[in-house]
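Participant: Basically the working numbering = 1-based index in the sequence shown + 20.
Among the hints, a few may not be true.
Claimed, not checked - FRET-style restraints, in silico, Cβ to Cβ:
| # | residue 1 | residue 2 | range |
| --- | --- | --- | --- |
| 1 | 61 | 82 | 14 to 20 Å |
| 2 | 114 | 60 | 15 to 21 Å |
| 3 | 76 | 99 | 17 to 23 Å |
Stated by the list, open to error - Taking lysine-lysine and the DSBU-like style, the derived pairs with C-alpha atoms no more than 30 Å apart in a straight line are:
| # | residue 1 | residue 2 |
| --- | --- | --- |
| 4 | 41 | 82 |
| 5 | 41 | 68 |
| 6 | 82 | 68 |
Derived from the structure by calculation, the hints contain no laboratory data.
Beta carbons: idealized from backbone N, C-alpha and C, even for Gly.
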Amino acid sequence: MSNDQRIDLEKIRVIRNCLIKLFHDLHIGGEFLTLFAFTNATQSGQLKFHREFLDTLQSPGKLQEYMEATVIPAIQANPDGRIEIDSQGAITITEKQP
């Protein structure tokens with residue numbers, strides 16, 4: 021993998037740490053580790069980040085703020101949904117397919 025394809029693993033850790041507070045089972049995958057699948061006793065869902073969004077954030081601290089203020093509330097409000105973050109940070113929520 022060349023340097024321009026590497027993702028900042030600290031940002032992946034920030035996302036993981038935010039999700040693991042709510043969900044006991046977390047799987048990370050996708051081509052650039054940008055797909056997160058999670059479950060707990062009452063909820064299962066997916067969170068996908070557009071790679072460009074993660075690359076444009078300057079610091080893991082900004083990502084943590086975004087996760088806590090925007091993403092986590094969206095996950096909690098949409099149990100069992102699929103949440104996708106586009107390249108500009110906008111959220112799209114869809115129902116998971118049965």
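Participant: Does each hint fit the structure? Answer for all of them.
Facilitator: How the hints compare with the structure:
1. Here the CB-CB span from residue 61 to residue 82 is close to 31 Å, at odds with the stated 14 to 20 Å.
2. For the pair residue 114 and residue 60, the beta carbons lie near 20 Å from each other, so the given range of 15 to 21 Å is met.
3. At roughly 29 Å, the beta carbons of residue 76 and residue 99 sit outside the given window of 17 to 23 Å.
4. With a C-alpha separation of about 18 Å, the suggested pair residue 41 and residue 82 falls inside the 30 Å cut-off, and the hint holds.
5. In summary, the hint linking residue 41 to residue 68 is supported, as the alpha carbons are separated by about 18 Å, within the 30 Å threshold.
6. In summary, the hint linking residue 82 to residue 68 is supported, as the alpha carbons are separated by about 17 Å, within the 30 Å threshold.
Hints 1 and 3, counting from the list given before, are not met by this structure.
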